[in-house]
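Novice: The lines below spell out each chain.
There are 2 protein chains.
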Amino acid sequence: PGSIESKCIADNGKSMKCWKDEEDVYFPVSYLKKRFDMTGKLGKDGSTFELYTSYAKMRSPDSTYDPLGPFGHFSTYSVETRDRVRCVSAKTDVPMSTQWDPIPYYYPIQISQYGLQHYSRMKLDSISNKSEASPKDDVILGVNSKEWKGAAGMHETTERLFFNDEQMGKVVNISAGAALANAGAYVYLDKSPDLHVISFDWKPYEANSSFTVLAKMKQDDLLVLINYVYSEGNGKCVWQEEERISDDYIVQKPKKDGQVSYSYSYIGNSPIGEWSTVTRDLLVDVARALSSGDNRKKDDNVVLHAGDLRLVSLGFRGELTVKQKITQRREQHSHAFYAAADWLVKNQNDRGGWSVPVERSIAERKLVLPPGWHSAMAQGHGISVLTRAFKHFNDEKYLKSAAKALKLFKINSSDGGVRGEFFGNIWYEEYPTTPGSFVLNGFLYSLIGLYDLSQLELMIDENDETMRAKIQEAQELYSAGVRSLKQLLPLYDTGSGTIYDLRHVALGTAPNLARWDYHAVHVYLLKWIAGIEKDEVLSKTADRWIGYAYGKRAKHN
Amino acid sequence: PGSIESKCIADNGKSMKCWKDEEDVYFPVSYLKKRFDMTGKLGKDGSTFELYTSYAKMRSPDSTYDPLGPFGHFSTYSVETRDRVRCVSAKTDVPMSTQWDPIPYYYPIQISQYGLQHYSRMKLDSISNKSEASPKDDVILGVNSKEWKGAAGMHETTERLFFNDEQMGKVVNISAGAALANAGAYVYLDKSPDLHVISFDWKPYEANSSFTVLAKMKQDDLLVLINYVYSEGNGKCVWQEEERISDDYIVQKPKKDGQVSYSYSYIGNSPIGEWSTVTRDLLVDVARALSSGDNRKKDDNVVLHAGDLRLVSLGFRGELTVKQKITQRREQHSHAFYAAADWLVKNQNDRGGWSVPVERSIAERKLVLPPGWHSAMAQGHGISVLTRAFKHFNDEKYLKSAAKALKLFKINSSDGGVRGEFFGNIWYEEYPTTPGSFVLNGFLYSLIGLYDLSQLELMIDENDETMRAKIQEAQELYSAGVRSLKQLLPLYDTGSGTIYDLRHVALGTAPNLARWDYHAVHVYLLKWIAGIEKDEVLSKTADRWIGYAYGKRAKHN
Ligand SMILES: [Ca+2]
Ligand SMILES: [Ca+2]
Numbered sequence: 022p023g024s025i026e027s028k029c030i031a032d033n034g035k036s037m038k039c040w041k042d043e044e045d046v047y048f049p050v051s052y053l054k055k056r057f058d059m060t061g062k063l064g065k066d067g068s069t070f071e072l073y074t075s076y077a078k079m080r081s082p083d084s085t086y087d088p089l090g091p092f093g094h095f096s097t098y099s100v101e102t103r104d105r106v107r108c109v110s111a112k113t114d115v116p117m118s119t120q121w122d123p124i125p126y127y128y129p130i131q132i133s134q135y136g137l138q139h140y141s142r143m144k145l146d147s148i149s150n151k152s153e154a155s156p157k158d159d160v161i162l163g164v165n166s167k168e169w170k171g172a173a174g175m176h177e178t179t180e181r182l183f184f185n186d187e188q189m190g191k192v193v194n195i196s197a198g199a200a201l202a203n204a205g206a207y208v209y210l211d212k213s214p215d216l217h218v219i220s221f222d223w224k225p226y227e228a229n230s231s232f233t234v235l236a237k238m239k240q241d242d243l244l245v246l247i248n249y250v251y252s253e254g255n256g257k258c259v260w261q262e263e264e265r266i267s268d269d270y271i272v273q274k275p276k277k278d279g280q281v282s283y284s285y286s287y288i289g290n291s292p293i294g295e296w297s298t299v300t301r302d303l304l305v306d307v308a309r310a311l312s313s314g315d316n317r318k319k320d321d322n323v324v325l326h327a328g329d330l331r332l333v334s335l336g337f338r339g340e341l342t343v344k345q346k347i348t349q350r351r352e353q354h355s356h357a358f359y360a361a362a363d364w365l366v367k368n369q370n371d372r373g374g375w376s377v378p379v380e381r382s383i384a385e386r387k388l389v390l391p392p393g394w395h396s397a398m399a400q401g402h403g404i405s406v407l408t409r410a411f412k413h414f415n416d417e418k419y420l421k422s423a424a425k426a427l428k429l430f431k432i433n434s435s436d437g438g439v440r441g442e443f444f445g446n447i448w449y450e451e452y453p454t455t456p457g458s459f460v461l462n463g464f465l466y467s468l469i470g471l472y473d474l475s476q477l478e479l480m481i482d483e484n485d486e487t488m489r490a491k492i493q494e495a496q497e498l499y500s501a502g503v504r505s506l507k508q509l510l511p512l513y514d515t516g517s518g519t520i521y522d523l524r525h526v527a528l529g530t531a532p533n534l535a536r537w538d539y540h541a542v543h544v545y546l547l548k549w550i551a552g553i554e555k556d557e558v559l560s561k562t563a564d565r566w567i568g569y570a571y572g573k574r575a576k577h578n
Numbered sequence: 022p023g024s025i026e027s028k029c030i031a032d033n034g035k036s037m038k039c040w041k042d043e044e045d046v047y048f049p050v051s052y053l054k055k056r057f058d059m060t061g062k063l064g065k066d067g068s069t070f071e072l073y074t075s076y077a078k079m080r081s082p083d084s085t086y087d088p089l090g091p092f093g094h095f096s097t098y099s100v101e102t103r104d105r106v107r108c109v110s111a112k113t114d115v116p117m118s119t120q121w122d123p124i125p126y127y128y129p130i131q132i133s134q135y136g137l138q139h140y141s142r143m144k145l146d147s148i149s150n151k152s153e154a155s156p157k158d159d160v161i162l163g164v165n166s167k168e169w170k171g172a173a174g175m176h177e178t179t180e181r182l183f184f185n186d187e188q189m190g191k192v193v194n195i196s197a198g199a200a201l202a203n204a205g206a207y208v209y210l211d212k213s214p215d216l217h218v219i220s221f222d223w224k225p226y227e228a229n230s231s232f233t234v235l236a237k238m239k240q241d242d243l244l245v246l247i248n249y250v251y252s253e254g255n256g257k258c259v260w261q262e263e264e265r266i267s268d269d270y271i272v273q274k275p276k277k278d279g280q281v282s283y284s285y286s287y288i289g290n291s292p293i294g295e296w297s298t299v300t301r302d303l304l305v306d307v308a309r310a311l312s313s314g315d316n317r318k319k320d321d322n323v324v325l326h327a328g329d330l331r332l333v334s335l336g337f338r339g340e341l342t343v344k345q346k347i348t349q350r351r352e353q354h355s356h357a358f359y360a361a362a363d364w365l366v367k368n369q370n371d372r373g374g375w376s377v378p379v380e381r382s383i384a385e386r387k388l389v390l391p392p393g394w395h396s397a398m399a400q401g402h403g404i405s406v407l408t409r410a411f412k413h414f415n416d417e418k419y420l421k422s423a424a425k426a427l428k429l430f431k432i433n434s435s436d437g438g439v440r441g442e443f444f445g446n447i448w449y450e451e452y453p454t455t456p457g458s459f460v461l462n463g464f465l466y467s468l469i470g471l472y473d474l475s476q477l478e479l480m481i482d483e484n485d486e487t488m489r490a491k492i493q494e495a496q497e498l499y500s501a502g503v504r505s506l507k508q509l510l511p512l513y514d515t516g517s518g519t520i521y522d523l524r525h526v527a528l529g530t531a532p533n534l535a536r537w538d539y540h541a542v543h544v545y546l547l548k549w550i551a552g553i554e555k556d557e558v559l560s561k562t563a564d565r566w567i568g569y570a571y572g573k574r575a576k577h578n
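Taken in sequence, the protein lines are chains G and D.
Residues 22 to 578 in the numbering used here are what the first sequence spells out, letter by letter.
Residues 22 to 578 in the numbering used here are what the second sequence spells out, letter by letter.
Isolated chain G (complex conformation) (with noise of 0.2 Å):
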């Protein structure tokens, strides 16, 4: 018995083609998929098609949440590859975004979850031994005066002076032409691809001094070149080479002979004439350098993964003094943590706050914050980086930052504050606008981040009265903040799935349904809330947010 074609017509819309047999009728997954915006595919095995309401992979945390363990799951994230992140600053050893401006800028909640992710892959590689602190797998080059190799340019002389410094032991003093054109003095690196994080230490005494790394694309053996120069490159943190043809008329350099070449801005992280560490991440560097096109579209972002490139050599020019021990290693899940953690220490406002220097507007312009505004989920993410940095590099100066992050929970929205109100229930806004947007996420991750300074409390000195009373504080607001979580919480439950904040009701608009991805955050920070506060009612609702994901429907009357 066979089936016949059919005519079908849904919701008295266009008619489409059905099959239809004995049994009954049936209706073609594309329109499955346009009406429910669902997901479908062939199983693994090519007979099956499988379909699915979400997208998305729900999780539940695998054990009580931890306030100095691992952050989630975000050891899984790369904040560096995402498509809005133009690049880790050369200056500040963080991302810089692009989301609400084309110029680069500092996004406090981005490079918290930098901070985070790269703690989090810290926390787990240490449990599995693969820890950082035993470098068994690093490389170090340069020691051999006769790496340095010093290339007799085609403009100018490389020279070389190796001697011990007090306190830095061997090093190699360069002096060679400034000109990018001037392969200076170099030192080739280890060829394995796994090893593409280079750390050293150098004094540059001049601002053209530069130092250049470069890679070869496994896929096609292109050669990029990434020349970190002294510029602040209009803002654009990494472009490519242009050529000057004549005073009017500049171009950016094709690819020739097999090569690129890019700049990126090195405004270095101590002033000129002063030793400093660098360490970069060419497998990150490389990728946001290709994707830096002046036109690029959101699916032009190149993301690479660990075997796409090798690292050929490092090259230095100008003047300058370089340690005779260049690194080359996997990981720099320390150094990205501390980075992180330490821009939030240098980058507080006297309000204790991390401000986002662009402005921000949602529901069509309805609500907008111009810039300089704070958000609940940057200070809650912030003391999460903070608390954590404090217990790992024991220093108080995390500590205090943190503690001065509280003050902007408990100043309203409408005084720069992040404090909003829902009907009389206190709320903390990742998006403090008049009138409150109240994201759930956000709201949900600033939780975290006074539960965990909230936790804290063991770790203080017995008579540091002050910080013991900032610990308390913290406490209160994170339980006032549950407080509310519990009485609003339905509000963001469709019966089919979430919503992502409540800006509808006092905007009188559809609600804001949540994608699927934005779904699966709800329900794994939930989980975790409901595990630190033992309460049923939360987790039941996770776990009803779980069958809504795959198609189980709230009950009508």
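Intra- or inter-copy, both count: the list cannot distinguish identical chains.
Heads up, simulated DSS-like pairs for lysine-lysine below, C-alpha to C-alpha not over 25 Å straight-line:
(1) Lys-55 <-> Lys-561
(2) Lys-576 <-> Lys-62
(3) Lys-41 <-> Lys-55
(4) Lys-28 <-> Lys-78
(5) Lys-507 <-> Lys-428
(6) Lys-346 <-> Lys-212
(7) Lys-555 <-> Lys-387
(8) Lys-576 <-> Lys-387
(9) Lys-55 <-> Lys-576
(10) Lys-367 <-> Lys-428
(11) Lys-28 <-> Lys-65
(12) Lys-561 <-> Lys-387
(13) Lys-239 <-> Lys-277
(14) Lys-65 <-> Lys-38
(15) Lys-191 <-> Lys-344
(16) Lys-367 <-> Lys-412
(17) Lys-555 <-> Lys-507
(18) Lys-55 <-> Lys-28
(19) Lys-54 <-> Lys-41
(20) Lys-28 <-> Lys-573
(21) Lys-41 <-> Lys-62
(22) Lys-573 <-> Lys-561
(23) Lys-38 <-> Lys-28
(24) Lys-65 <-> Lys-41
(25) Lys-38 <-> Lys-55
(26) Lys-35 <-> Lys-78
(27) Lys-54 <-> Lys-573
(28) Lys-412 <-> Lys-428
(29) Lys-573 <-> Lys-38
Hint data in this document are derived by calculation from the structure and do not stem from the laboratory.
Assemble chain D with the ligands onto chain G, guided by the hints.
Specialist: Leaving out everything else, chain D with the ligands in the frame of chain G:
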């Protein structure tokens, strides 16, 4: 190019049969129906299969709400044929419910809906000139004394004495054996199946006086006897005759000789020995009788339509006087409306409420209202009936009763009133549970009632300051309610449908989604309020909600 049978899976569930062709994979409608509560049927031309998101039709009001006009599409209601309506009481002429208790009770919302239904039909009939006020199709019987047959029955002799009563004019005095087996004195009725309503005036002298209507079913010629007897019937309202086999053994009489006999409780609407008017719609009473089996299920509910039966005769037993004017007509809208309004006036308690005499429990008994609770919907509907009765019958008692009904809107649920609060926003509760349940449709109906009363200002004596204050109070209660509506309405919006109430917020459960017919009610009532308020946001919300019924969903982020 044909299709081949294939296997499909949705959300990791059981595999099902699908079809597959070169373009697509096709899923069975049975899956869609189950997964998304959709409805499907073969279109009228038989060639196209039609799938629907909503089984309910979305309707918008034709014009702006008129406080004295027909009440929405209540003219299409048929309260008296609902399965949960046990009967239209022969004592009060209003329906009795068995919805939440097997013993029939007065449910004020149902009574008001019955009144509004008949008011609406009356209004529409008068617009289309089919008014009862010009009863050109009515048939008058019994004027001629020869029409009154006196059966010399098996048991007793029936006597008839014709004379002129001072008040009533021509009457007949009847003396007949009271046993139901006795045919008594009777008049043959008109055979037109349209004329199923009878009306007459009588004065019974003893409790065992009774009257009986004999009707004949069109379908199977079954003769149905409805004996209106002076009996409480153990609260049953209408029940099948029993046969006493022995003192211990009583059985319901089976149909015999193509005839079935029911008793209908008639505890006169006037005291024994006084004149009263009887008006019965036999289409309703026969249907209720046929639905009165002791173990009847929902599906056993018998609904009759004009044409399904014709009346045969009306007979009297016992000692009584009857006016020689039996009217047979199509409808009894004015009488039913009057009965409902009258019931409301007579049954209002000293708090101005129409309390519900049975327990109501919702959310698996998490919210329980003990007998005697009030409902904002009852109060609102009651006002809607009474304001119309005030205008229609031109009697102030209705207006005074409507005004009294306001009081409970200012009394909190916890104090027996109907005023709830949702995070500081007042709400008029259909079910004033603690915590609140915030049923949307009941709230909207209550607002309409308040609006109806608020619009009577021009009909009130300028010097009647008490009443003018009450009108003002109605206006304020209405406005406060509309303010809450505007604040809270988005909370009922799931982005693909609506939520019936907000019980889930306090209980922390899944939202109680509105089925499509309630969704349609939400849309209709919202359009009413949007029209009254000339509010674009409310109107657009209703339009969006209409879209949901056609599969248009809110966007996700
Ligand atoms: Ca976010
Ligand atoms: Ca209802």
